[in-house]
Amino acid sequence: MSAIEAFFQRLGTAPGWNFSIVYDAFDRARFLEGLVTTILLSLTCLVLSIIIGIVGAWLQGSTLRVTRRIVQGYIQFFRNTPPLVQLFFFYFAIGSILPRSLNSSGQMEPMISNLGWAIVSFSFFAGAFNVEIFRSGIQAVPRTTVEAAEALGYSRLGIYVHVVLPLAFRICLPALNNNLVNLVKTTTLAYAIAVPELLYAAAQIWSEVFNVREMMNVLLVTYVAIVAVLVWAMGRWERAMRIPGYST
Amino acid sequence: MAHELGEPVVVATRVEKRFGDAIVLREISMTVRRGETICVIGPSGSGKSTLLRCIDALVPIDTGSITVEGVEVNDPKLDKLSLRKRVGIVFQQYNLFPHRTALQNLMMAPLHVLKQDKAQVEARARALLAKVRLSEKADAYPGELSGGQQQRVAIARSLCMNPSVMLFDEVTAALDPETKKEVLTTIRELAAEGMTCILVTHEMGFAREVADHVYFTDGGVIVEHGPPRELLLNPREARTRAFLDQVL
Amino acid sequence: MIARAPGTDLPVLLPAGDALRARPDQAAALGWTSRSFTPRSLASLLALFVLAVLVADAQAQAAGAPRESVVTMLLKWAPLVFQGFLFNLLVSVLAMALGSFAGAALGLAQISLLAPVRGASWIATQFFRNAPWLVLLFYCMFLLPFEIQILGLTIPLPAWLKAVVGLALPVMANVAEIVRGGVRSIPATQWESAEALAFSRRQTLWMVILPQCLKRMTPPWMNLYAILTMATTLISVVGIQDGMTTARAALVAEQRLELFIPMYLMLLSWFFLYCYPIARLTLRLERRFQVRG
Numbered sequence: 001m002s003a004i005e006a007f008f009q010r011l012g013t014a015p016g017w018n019f020s021i022v023y024d025a026f027d028r029a030r031f032l033e034g035l036v037t038t039i040l041l042s043l044t045c046l047v048l049s050i051i052i053g054i055v056g057a058w059l060q061g062s063t064l065r066v067t068r069r070i071v072q073g074y075i076q077f078f079r080n081t082p083p084l085v086q087l088f089f090f091y092f093a094i095g096s097i098l099p100r101s102l103n104s105s106g107q108m109e110p111m112i113s114n115l116g117w118a119i120v121s122f123s124f125f126a127g128a129f130n131v132e133i134f135r136s137g138i139q140a141v142p143r144t145t146v147e148a149a150e151a152l153g154y155s156r157l158g159i160y161v162h163v164v165l166p167l168a169f170r171i172c173l174p175a176l177n178n179n180l181v182n183l184v185k186t187t188t189l190a191y192a193i194a195v196p197e198l199l200y201a202a203a204q205i206w207s208e209v210f211n212v213r214e215m216m217n218v219l220l221v222t223y224v225a226i227v228a229v230l231v232w233a234m235g236r237w238e239r240a241m242r243i244p245g246y247s248t
Numbered sequence: 001m002a003h004e005l006g007e008p009v010v011v012a013t014r015v016e017k018r019f020g021d022a023i024v025l026r027e028i029s030m031t032v033r034r035g036e037t038i039c040v041i042g043p044s045g046s047g048k049s050t051l052l053r054c055i056d057a058l059v060p061i062d063t064g065s066i067t068v069e070g071v072e073v074n075d076p077k078l079d080k081l082s083l084r085k086r087v088g089i090v091f092q093q094y095n096l097f098p099h100r101t102a103l104q105n106l107m108m109a110p111l112h113v114l115k116q117d118k119a120q121v122e123a124r125a126r127a128l129l130a131k132v133r134l135s136e137k138a139d140a141y142p143g144e145l146s147g148g149q150q151q152r153v154a155i156a157r158s159l160c161m162n163p164s165v166m167l168f169d170e171v172t173a174a175l176d177p178e179t180k181k182e183v184l185t186t187i188r189e190l191a192a193e194g195m196t197c198i199l200v201t202h203e204m205g206f207a208r209e210v211a212d213h214v215y216f217t218d219g220g221v222i223v224e225h226g227p228p229r230e231l232l233l234n235p236r237e238a239r240t241r242a243f244l245d246q247v248l
Numbered sequence: 001m002i003a004r005a006p007g008t009d010l011p012v013l014l015p016a017g018d019a020l021r022a023r024p025d026q027a028a029a030l031g032w033t034s035r036s037f038t039p040r041s042l043a044s045l046l047a048l049f050v051l052a053v054l055v056a057d058a059q060a061q062a063a064g065a066p067r068e069s070v071v072t073m074l075l076k077w078a079p080l081v082f083q084g085f086l087f088n089l090l091v092s093v094l095a096m097a098l099g100s101f102a103g104a105a106l107g108l109a110q111i112s113l114l115a116p117v118r119g120a121s122w123i124a125t126q127f128f129r130n131a132p133w134l135v136l137l138f139y140c141m142f143l144l145p146f147e148i149q150i151l152g153l154t155i156p157l158p159a160w161l162k163a164v165v166g167l168a169l170p171v172m173a174n175v176a177e178i179v180r181g182g183v184r185s186i187p188a189t190q191w192e193s194a195e196a197l198a199f200s201r202r203q204t205l206w207m208v209i210l211p212q213c214l215k216r217m218t219p220p221w222m223n224l225y226a227i228l229t230m231a232t233t234l235i236s237v238v239g240i241q242d243g244m245t246t247a248r249a250a251l252v253a254e255q256r257l258e259l260f261i262p263m264y265l266m267l268l269s270w271f272f273l274y275c276y277p278i279a280r281l282t283l284r285l286e287r288r289f290q291v292r293g
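Chains as they are written, first to last, in my numbering: chain A, 1 to 248; chain B, 1 to 248; chain C, 1 to 293.
What the hints contain is simulated information worked out from the structure, not anything from laboratory work. Do not take every clue at face value.
Partial chain B-side listing against chain A, Cβ under 8 Å, derived [to be verified]: (1) Leu81; (2) Met108; (3) Met161.
Covered, in the sense of this in silico footprint (three residues per stretch, anywhere, with C-beta under 8 Å from a C-beta of chain A), are these stretches of chain C [to be verified]: (4) 135 to 144; (5) 210 to 217; (6) 272 to 280.
FRET-style restraints, in silico, Cβ to Cβ [as the list claims (entries may be wrong)]: (7) A:Val161 with B:Ser164: 25 to 35 Å; (8) C:Pro211 with A:Ala29: 55 to 65 Å; (9) B:Glu7 with C:Arg288: 51 to 61 Å; (10) A:Ser155 with B:Gly20: 20 to 30 Å; (11) A:Val161 with B:Asp75: 18 to 28 Å; (12) B:Ser146 with A:Val161: 23 to 33 Å.
Where a beta carbon is used, it is the ideal one built from N, C-alpha and C, also for glycine.
Go ahead and model the full structure; you've got the sequences and the hints to work with.
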């Protein structure tokens, strides 16, 4: 056992601060696995929610009224209902009516795992906010710039892809970053359906080792650290995307 | 300007346009021949800018017809691209794409819309930048250019599509007197080379020197039109006289 | 151009915002007009819910056995689940009140002239804003004592009260951000003219700045309340009886697969019917204050 691990084990006896995740290999592995799951869950949902946001903002511009209504309905539903209930709705209610398949050990298992449903639920949740964010970014692109693109012969799709989206994206970036931070915080809800993310791993550890106080503090610090790293990375990205002479 | 005037390029016949209850264009008829330089003058709100936008099908007309090289603008099945290839329009607010350099602004439409070969487009774009005397600003972003420079880039951008007709919508109104001169010089050279130009402008001096024909509009109708020497020095109508007295 | 105050992610209402102004021309060029969600669409949402119930009912009938229909089961459990839902609302109101008071104080501390006060309150705000709500809830549930002794009195802290405190912490941090952003959005010229009239800093704050901020802070504050109301369902995860636990208990008791979707949809609609009008009101207030600002 290395010096650091020995130090923390001593800490466990006097003054009684039990950081088992440092000195115990099994707990450490569980904790790290939870951390990786949280990060992967956040990234997957981020990518999917951005795609949903772009597609949703595009569909909102459709000439068909029924398309616009459906998109608005989707947004209002996911923004005005609790994400936990949405998660349960997907996992228990819809999950229960999907067909089951035989897995390798000969047991019936649901088609989509709890992790899968967490990804679906959170992506739709964050996607609803992204549609609004992209829409306001698109509306903030000056009308005259769009007119100039139209006068140069661009089709509606061409204007969207080459002119509006690049500009709107830069305008949206701060709100998007905020949404990403919220997404990381929302991943803790997956605890409720036993997805082995960070909170779940910590809960398992403290229920066995009885070091609730220490694990809680570790959790808080870890999440704040993840968010801090994210905010820093997003700040760097924002600066890299900056257009000289153009104030956003 | 003494050079050969060719066949009619833009023919407007009894064009009418309303916005709600207000009649913005009423019984507008005009013929523009190839190589001609037309200036449209008149008080604000007399429909001049709307007329230009109608020629480029940015605003639909209610009755009447406008043809550009035989293409009917009012045709519901109009292929907008075929129209926009022939007509270039430069706006008062330059409307460059802020997220692209000057050179990229010029190259974008020929590449994406006309799908022309990149090397050829780049050569043409650089030649046009040289023509408007901005070669050294090829890699500058619009935010880094002055108003006059941006306007010249905007003119070059429209020229890069090889139009038959160039429309200028009060392009010097937002510029201070020194930068006005640079832009007017560019337009003068363009007209001297034989480009068909329609300018909406307040620059009476420019109109007198460069225009082949001047139209005076007020309240949506063409009150009077004629060669600049006649109209500006010896107007027939009282309204024209009143306007010129105010302006000159 | 959308204006935003640096350092805050909340939609602070700045005077120069024209982002919310309708732009019909551009909308036409892009081929779209933005239509708001009308009461007719709301009716279609409820129709969807009713349809789901009827489909579930048909499923049950198709199963053949003479058992209760889905509608009767829903109606049987609805009062109990609704009571749980009301408890959610109670928790949201309490947490909002507690969090708003603490948050206002924290927000004002962030603009204090004393650097250590500013620094400490900034750290506290950032910390509680960036921590997940569920983790903070767990923290309070586990680590707050089950009774506190003040002045010889022993006051028991029931679990739900600890949950209220746990939810009030992120509310406090967000309200602090709103207050700070609101105060900073008042133009510096207001401070200058107050100073020229010999107001002290505290007088300026209370008599000139804060009354103006109040209107601007209302929409984000209402938005926060809606978010909080939806977050109250988290208390079911830490073992407190609320609408969610009651709904799940009902599903366990009935053991009927067809009941799952209608039951969850019912609970979702209640939250929707409560939070959606708040969202609309927030939007309307935002537009009104933008124009005047």
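Here is what the structure says about each hint:
1. Leu81: holds (5 Å)
2. Met108: holds (7 Å)
3. Met161: It holds, given that the least Cβ distance between methionine 161 (chain B) and chain A is near 7 Å, below 8 Å.
4. 135 to 144: holds (count 6)
5. 210 to 217: Contact hint for the stretch 210 to 217 of chain C vs chain A: violated, 0 residues under 8 Å.
6. 272 to 280: holds (count 4)
7. A:Val161 with B:Ser164: 25 to 35 Å: holds (28 Å)
8. C:Pro211 with A:Ala29: 55 to 65 Å: holds (57 Å)
9. B:Glu7 with C:Arg288: 51 to 61 Å: Holds, at about 58 Å.
10. A:Ser155 with B:Gly20: 20 to 30 Å: At roughly 29 Å between Cβ atoms, glycine 20 (chain B) and serine 155 (chain A) fall inside 20 to 30 Å, so the hint holds.
11. A:Val161 with B:Asp75: 18 to 28 Å: holds (27 Å)
12. B:Ser146 with A:Val161: 23 to 33 Å: holds (30 Å)
Of the hints listed earlier, the one the structure fails to meet is number 5.
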